[in-house]
Structures are given as structure tokens and as C-alpha cells.
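Residue numbers (UniProt numbering), protein chains in the order written: chain A, 1 to 318; chain B, 1 to 328.
There may be inaccurate statements among the hints.
Partial selection, computed: residues in chain A whose CB lies under 10 Å from chain B [stated by the list, open to error]: (1) E82; (2) G197; (3) V199; (4) W258; (5) R317.
Hints in this document: simulated from the structure, not taken from any laboratory. Beta carbons: idealized from backbone N, C-alpha and C, even for Gly.
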Amino acid sequence: MDAEQTRAVLATMWRIRAFEERVGQLKRADEVHGLIHLSIGQEGVAAAVCGQLRTDDAVYSGHRAHGHALAKGAPMTRALAELMGRRDGLCRGMGGSMHLVDVEHGFLGATGVVGGNIPLALGTALALHAAGRDAVAVVFFGDGAVQAGLFAESVNLAALWRLPVLLVCENNGFAEFSPRSAHTPVERVRDVVAPYGLVGGTVDGNDVDAVWAAVAGLLPAVRAGEGPALLECLTHRLRGHYEGDPDRYREAVSSAEWRERDPIARLQRAATGDGRLDPDELPGFERTARDQVERAVLAARESPFPDAALAASLAYRR
Amino acid sequence: MTGPTTSTTYARAIGSALATAMRADPSVVVLGEDVSVGGPFTVTTGLAEEFGVGRVLDTPISEAAICGVAIGAAQSGLRPVLEIMYVDFLTLALDQLVNQAAKARFMSGGQLGVPMVLRTQGGAGQRGAAQHSQSLESWLCHVPGLKVVMPSRAVDAAGLLASAIADPDPVVVVENKILYPRREQVPEVVEPVPIGVAATLRPGRDVTVLAMSRMVSESLAAADRLAAEGIEVEVVDPRTLVPLDLPAVLDSVRRTHHLVVAHEAVVHGGFGAEIAATVHKAAFDDLDAPVERIGAPFQPIPLSPGLEDAYLPDAASVVAAVRRVLGR
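Next comes chain A alone, as it looks inside the complex (with noise of 0.2 Å):
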């Protein structure tokens, strides 16, 4: 990442954090419903993924997916809206954190059954190659959702046909309340694609650098039509599995340690380490996020709350 990049992506990061600390706090004060499941932690994988897509390349996401829809451009106050069930929420109210779409800004929904994404998403590249465009599409999905039937019928497919779809595996090395080692023998997500021959690899996906980088040597043979690619990024949520859970499953991580791990602070470290970055526009990046957030919670505090009418009207199209 050059420079102008780096600050890109550390903003966006920073627009995930202080959205979803704040949502936390909301959450615990009953203004946002539902449930929810924060990214603290992996806000890395969805800015450099995301920051290297066009407006027209679609995004798909899980459950988890706050950071993936703010990252494709959703605007803040009305991602907020929708968490609070208000009238101009993206959806209008009725979907939610777990059901985020945002068709203007090509992100084509969060879903919460874990791996209903993945085959959306080759749908949508299939119709991208009819169309002739050279647009992608990108599903994010979590390493729990590697173990579901659908993940090895859609990467079947998606191999048999070349379809121009990125695959993004999040791996935070817990499913829901449980290790990986739980749930599989096999370690590496990467491992479990190996026959099907999809480009791709593991990447420390608290690295930001290092995600970008992948991205960068994965997304033009994607959009070339050269079949699709899986990127298996290592990582770790702060939170537990969602808001609420009291989260004894994990051993805690020592601050020290965070600090260590922090994809923004390895960013920060890295990039004015490298002199990308001057150390004192750091405190802006946080500064501008939070006061960001904190005008989208005035504004969508002021959104009504939408009436019966409305869901009764949007089951069919009329």
C-alpha cells in the first residue's frame, strides 16, 4: 500500500472500530436490536479487500458484518438506522445487522445462516460474465461456515465454471462458541480447497499490509475471467460470538498482547515505521471516525420507526 492507500484503509478501519465499539455500547442500552455480532478485531480484512473493489464488484457477507458493508461504501448513519430498526435504515427496518444490504453501493447483503452467502455470490458472478463485464464478486464468510455442505457444493461449482468470485475466509479460528479444532481435523481452510485448484493462500489477516497485498496479486486474474480465488486470512475477534455472550470459551488476550495483534495499531506501527505515515496524523483517523459515528447516532436517533403498512407491502413487489 503507498500512502495515499494506507490512509484509506487506516480510515475506513477506523470507521469499523468506533462504529462498532458505539453499537456495543447501543446495544447495551437496547437502541440496537437483535442480534449482534461485532468484526472488533478483523476490521483489517474488510478494508483491504474492499478498498481495492469497484462500486459495481458485489459484496456478500455473513452474519458478522458491520465492517464488510461500511468498507463497500454503505453510509454510516443509515447502516446505524437499520441496526436501530428505523424507517431509513438501508432496509428500511426490517432486516437488521444480520441483513444488511446496500444495492447503490454494491453490497449485496449480509445473510445469517452461515454459508447461505456463498453460493449468492456465485449467482451473482454468473450473471456478471453473461452481462460481459468485468466486475467480481467477493463473499466474506467465517471458518465456521467451511464445514457447511454448501461451502464444498459452491466451491465445486465455482471451480467447474471459472466464475470470477473471491472468496474471503475470515478465520478467526472460532465457530460460534467453539475451536476449530472442534469442528474439523483440518486446520487450514486453504487445505480443504487444494484439489479444486482455486488460486490463493493464507495471509496474517491482522496484517493489513499483507491482506492488501494478496488482494492485489489475486483480484486481476478474477476480473480477467480466469476463474475463482480463495484467500484464507488468519485473525482474531476481541468480542465474543455475539454481543452478550459472555464469552467463556476463549482465554482472554492480555492488552499487551492485543497491542500486539491490533490491526490498526500494526498498521499505525507499520506505516509510520516506514515513514508512509507521520506519526502525528494518527490521532485524526480515530478523532474523525468517532465524531463520524457519533453525528450518524444523533441522525438516526431522529429516524422514525417504520409502521405495519410498510412490512406488510414488502413481501411481493407491488
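Given the coordinates of chain A, work out where chain B should sit on it, guided by the hints.
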């Protein structure tokens, strides 16, 4: 039926409707298992030759993924017609159909649309036993966001498919394997049949038989027999289950004051229960007797020929139900 007609089968009529839609709209694609060679019922025979394998896509035996592919493609500009070879195998794709396709428009606040068609077929009568013979349409009717059509005649199979392909929302077309080879006269130019409109196939003043899919021809045969003893049966085919043409059903019931609902599916929890409850509520004062329901018993479908034949409702079942509802 007016204008020149031609002899065809239910299967050929569907294949022709697919070809017509594909000629008219390049975004229409067909995908499914063995579709390029026509599948086991020859419905898609000839499409790959005319439109190429880029629009007639053979898929692996991965019902869940191919349903998801169809949904994603529909969300992104194509009009996919997905074939799930047997409705029994739709079980494998239900997550995608129920959790994704049916909810995409709603959950996105109207941003997404899924203009896909899922063609499948059900029904017994071919000694397919319990995993290749079921009638599972009532499950689909329970899910807001889906439309469900169930044609009984070649002309409706073609006309409803045309409307389904043009529809902005996901439509499941439940065909019937016994009907595929049946030869019928259809118009040379089949007009689209609107979704949600029933058809009265035989007028009669004494009793309404609301029959679905294969039970329509059984009910027409029953009506012939009963006419010989002076009982006039009105046979109504809803053609679409969701959205149901309730006004047409009520109009008929208010004239005949008796209703028999006939489907091949298990009676217990079948769509006939929904119709019976709705009609009892909406037209209680017009009914001279409780609504009768015909369907299969609450057990899996047996292989052994005598047992399968006995399991299936037929014209005799309709005759018996009409006598019950009329008290004769």
C-alpha cells in the same frame, strides 16, 4: 379455447414455453441437473441445441448450491429457471429458497428482487416409492415471499410458466410426473396465464370440487360418472396456490353450497386444510355441509404396486367425497 390448436404433451408444452421465453429475453437461462440432455422427463430437450450450453447449464447434483446460484443470478440481472428434478430433492435446497429467495425483497427493504423460477415435479404413480413420489407443495405455500403454481393441463403449464418467468418475485412451479406424457390439444400460440387466477373447467350447480394438479383430471372423470346419476359437479382448478384466487372459489361455493378439495398430498397439514378453513370462515352461512378433503393417508408412499394404487386418491375418491358432502 379459440383459434387453431395443436396436439402436444404437458412436457412438450413446458419445453416450448421455455424456448419461447429464451427467444424473447436473453436474460432467461435454464439450469439444473442434466438439463442440456432434457432431464429424465425430456422437458428441456432441444434447448441446449438452440441456445447453447451458456444458457442451458448442466449442474452438479448440488441442489442447495444451484438454488443459491439461481437466486444470486436473479438478484444480479438474470432470469434463471432452475430445475429441481424431483420435489423430494427440494428439501436439499429449502434453506436457499426459504431463507434467501423468499426473504430477499423483504429483508432488504425492497432493494433486492429475485425474479427466478424454480420448476420441479411431484406426485406418485410411477412406483418411485417414498423418496421420489411426494407432494410437498403445502410446505412452500407456508412461506411468505414465494408464489406457488401447480398446473394440471398443458396449456396452463405453458401459460403459467410464461407468467412465472416474467414475474418479479420467486415462483415455484410444481409440475406432475404422471402428466408429462399426456397428450392434449393446446392453442398454437399459448398466451400467458396470469398467476393467481383460477379456472372453472366444468360448470355444475350441486357441488364444487376444487382440484389440484393430477386430481383435476380425476375430478373431471368423477364429474362424468356423477352426471350419469344426476349430480352436477363444478370442477375448479385454482392453478395458483399462492396467491389463491379466493374470490373464484367463494363464488363457486356460494352457488353450489358444497365444497370438496382434492389434492394428492397427504391430507394432514395439506393445502386443502388452508382452503377448508378459509372457506368455512368466509362462507359459513353459504355451506350446507362441512368441506370435504381428499388426499393421501398420513404415511410414506409404498413401493408395492397394489399398495401404491390404493394409497393414491383417484376419481373414485372424488365420487365418494361428493356423495359424503351431499349426504347421498
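Hints, verified against the model:
A cut of 10 Å between beta carbons decides the hint on E82(A): the least distance to chain B is about 8 Å, and the hint holds. For G197(A), the shortest C-beta to C-beta distance to chain B is roughly 16 Å, which exceeds 10 Å, and the interface hint is violated. Hint status for V199(A) relative to chain B: violated, with the closest Cβ pair at about 20 Å, above 10 Å. Here the hint on W258(A) is broken, as its CB sits about 35 Å from the closest CB of chain B, past 10 Å.
The restraint placing R317(A) at the interface with chain B holds, with a minimum CB-CB distance near 4 Å, inside the 10 Å limit.
Hints 2, 3, 4 from the earlier list are contradicted by this structure; the remaining hints agree with it.
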